[in-house]
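Enquirer: Could you build all of it, start to finish, from the sequences and the hints given here?
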Amino acid sequence: MPREGFYRRIKELEHETLEMSEMVCDAIGRSVEALKNLDAEAARQVVANDAQVDKKRWQLEDRCVDLIATQQPVASDLREIIATLSIVRDLERIGDYAEGIGKIVLMHGHEPLVRPLTYLPVMAEKAVGMLRRSLEAFVQRDAKAARLICDEDDDVDRLYDQAYHDLIGHMIKDPSVITRATYLIWAAHNIERIADRATNIAESVVYLVTGTPTELNVSKY
Amino acid sequence: MEPQAKIETKDLNLFYGTFHALTDVNIRIPARAVTAIIGPSGCGKSTLLRCFNRMNDLVEHTQVTGRIAIDDQNILEPQTDLIALRRKVGMVFQRPNVFSLSIYNNLKFGLRIHGMLSRRNEIRQSVRTGLEQVGLWDDLKDKLSANAHTLTLEQQQRLCIARVLILRPDIILLDEPCSALDPIATLRVEELLRVLCKDYTLVIVTHNMQQAARVSDFTGFMYLGRLVEFADTQKIFTNPAEQLTEDYIRGSFG
Numbered sequence: 023m024p025r026e027g028f029y030r031r032i033k034e035l036e037h038e039t040l041e042m043s044e045m046v047c048d049a050i051g052r053s054v055e056a057l058k059n060l061d062a063e064a065a066r067q068v069v070a071n072d073a074q075v076d077k078k079r080w081q082l083e084d085r086c087v088d089l090i091a092t093q094q095p096v097a098s099d100l101r102e103i104i105a106t107l108s109i110v111r112d113l114e115r116i117g118d119y120a121e122g123i124g125k126i127v128l129m130h131g132h133e134p135l136v137r138p139l140t141y142l143p144v145m146a147e148k149a150v151g152m153l154r155r156s157l158e159a160f161v162q163r164d165a166k167a168a169r170l171i172c173d174e175d176d177d178v179d180r181l182y183d184q185a186y187h188d189l190i191g192h193m194i195k196d197p198s199v200i201t202r203a204t205y206l207i208w209a210a211h212n213i214e215r216i217a218d219r220a221t222n223i224a225e226s227v228v229y230l231v232t233g234t235p236t237e238l239n240v241s242k243y
Numbered sequence: 002m003e004p005q006a007k008i009e010t011k012d013l014n015l016f017y018g019t020f021h022a023l024t025d026v027n028i029r030i031p032a033r034a035v036t037a038i039i040g041p042s043g044c045g046k047s048t049l050l051r052c053f054n055r056m057n058d059l060v061e062h063t064q065v066t067g068r069i070a071i072d073d074q075n076i077l078e079p080q081t082d083l084i085a086l087r088r089k090v091g092m093v094f095q096r097p098n099v100f101s102l103s104i105y106n107n108l109k110f111g112l113r114i115h116g117m118l119s120r121r122n123e124i125r126q127s128v129r130t131g132l133e134q135v136g137l138w139d140d141l142k143d144k145l146s147a148n149a150h151t152l153t154l155e156q157q158q159r160l161c162i163a164r165v166l167i168l169r170p171d172i173i174l175l176d177e178p179c180s181a182l183d184p185i186a187t188l189r190v191e192e193l194l195r196v197l198c199k200d201y202t203l204v205i206v207t208h209n210m211q212q213a214a215r216v217s218d219f220t221g222f223m224y225l226g227r228l229v230e231f232a233d234t235q236k237i238f239t240n241p242a243e244q245l246t247e248d249y250i251r252g253s254f255g
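Chains A and B, in that order, are what the protein sequence lines are. For the first sequence, the numbering used here begins at 23 and goes up steadily by one. For the second sequence, the numbering used here begins at 2 and goes up steadily by one.
Hints listed in this document are in silico derivations from the structure and should not be mistaken for laboratory results. In this text, all values refer to a predicted model and were calculated from it rather than measured experimentally. Watch out, some of these pointers could steer you wrong.
[Unchecked claim] Only some residues are given here: those of chain A computed to face chain B with a beta carbon under 10 angstroms: (1) R25; (2) V96; (3) T232.
[As the list claims (entries may be wrong)] Example chain B residues on the side facing chain A (calculated, C-beta under 8 angstroms, incomplete): (4) G111; (5) R120; (6) I124; (7) Q211; (8) F238; (9) T239; (10) N240; (11) E243; (12) G252; (13) S253.
We put the CB at the ideal spot given by N, CA and C, even for glycine.
Expert: Written as structure tokens, this is what we have:
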């Protein structure tokens, strides 16, 4: 293998992309937990940790640029680096959505939740599942699995719809909860966006494997 | 509809003695574009290039079968006028092969051997146009009587290209034209090729894959005497159809 060093660097890049995805999965879980318990301290932690995710994004982008500039990658190597660039940007944005939920917790303050969370944790679990599977498809170069992930986005959209209508119902019944209910709609919306970003990652995987840029799922939102 | 082919081979086979150098090559080279031929050493890319102006005829015990059509004319037919063919299909080599003559006479020489000598002012005009086309006129117009060997390698290579252009060819074959040049001179010659391809059909053989990617519109990959894949350059370098092409351009074999 004449380019052992180059392929080792590509593998490292892949490995660190997985690490970054674990960082954001963790952030999503903690942010939803903080919202569920209205735990300001945990929320502050999520907000603070996002700086690490941002840092990782710049590090990985820098590595991609370095490999392009110095190694002249072509064909599947080039597609892998282009896909990685796109994936780390999606991951960074997913991190921002989790951070956003942390900020919503802080805005919410100590007043009780309008209602106990039901849809939100399910949505978050589904979104995290999609995210993990999209990264798995990335590692396995599995375009078929990536395409299936995109179908799951419809479930998350449906749950968001239900959460939205439910919360609007609360607002109509009791206008004094409008602010708090709006916060929950924002949080649900963030999770809906996370699932969309997971489908972006799946699209990057399809591009990596097939070489054809493909729009897999047009989100309702 | 596919663009019209300037050069088209059909089941082209070539033997050097018993060595089977080209096997069933079918290639369509589009007009007014740059086509790059890449592949490892000994894959037959220079041999293929030399078929297009029948330079291989100069190698003993060469046997060619199949068809090579230039503008639909089979150049393998015995009645082909080789002098006319080589005027129409010019060639530029790896090392600039200027003659130890003045710059002016280097250019005039080609006109003379091809019987294109005309009036002195017409020759002067041809020389000027040729040098202008390769971006040398401004630098050299006041020293046309200097020996061509006093020029830099880049200038010499440009002069060689001018010497081909002055004969008003249709096709220019380039066999590793930049391998003797430094990186900046290489990029400048590549820019020149991009300008020339508006009027000429260029075929370049290169070991330098990045050069093929930069300069060509179409790329053919050859391996062990066969044309493995031919496609748009962008396709070859982002998503080749053949595993062998992929492995070669990624540098994972060889």
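Enquirer: Have a go at the G111/B hint: is there a Cβ in chain A nearer than 8 angstroms to its own Cβ?
Expert: 37 angstroms, violated
Enquirer: Can we keep the T239/B interface hint, with Cβ of chain A closer than 8 angstroms?
Expert: Where the cut-off is 8 angstroms and the nearest Cβ of chain A is about 6 angstroms from T239/B, the hint holds.
Enquirer: Taking the closest Cβ pair, is R120/B under 8 angstroms from chain A?
Expert: 51 angstroms, violated
Enquirer: Should the interface hint for I124/B be scored as holding, given a Cβ-Cβ cut-off of 8 angstroms against chain A?
Expert: 45 angstroms, violated
Enquirer: Do the numbers back the hint for V96/A, that is, is its least Cβ distance to chain B under 10 angstroms?
Expert: 5 angstroms, holds
Enquirer: Return the status of the interface hint for R25/A: holds when the least beta-carbon distance to chain B is below 10 angstroms, violated otherwise.
Expert: The hint holds - R25/A has a Cβ within 10 angstroms of chain B, the shortest such distance being about 5 angstroms.
Enquirer: Would you settle whether the hint for G252/B is holds or violated, based on the nearest Cβ-Cβ distance to chain A being less than 8 angstroms?
Expert: 5 angstroms, holds
Enquirer: Would you check whether N240/B satisfies its interface hint, that is, whether its CB is within less than 8 angstroms of any CB in chain A?
Expert: With a closest approach of 3 angstroms, the N240/B hint holds.
Enquirer: The hint names F238/B as touching chain A; please verify it with the least Cβ-Cβ distance against 8 angstroms.
Expert: Status holds, d = 5 angstroms.
Enquirer: Per the CB criterion, is Q211/B less than 8 angstroms away from chain A?
Expert: 6 angstroms, holds
Enquirer: Tell me if S253/B is really an interface residue toward chain A, meaning its C-beta lies closer than 8 angstroms to one of theirs.
Expert: 6 angstroms, holds
Enquirer: For the hint on T232/A, just tell me whether its beta-carbon gets within less than 10 angstroms of chain B.
Expert: Since chain B brings a Cβ to about 8 angstroms from T232/A, closer than 10 angstroms, the hint holds.
Violated hints for the displayed structure, listed by number in ascending order: 4, 5, 6, 11.
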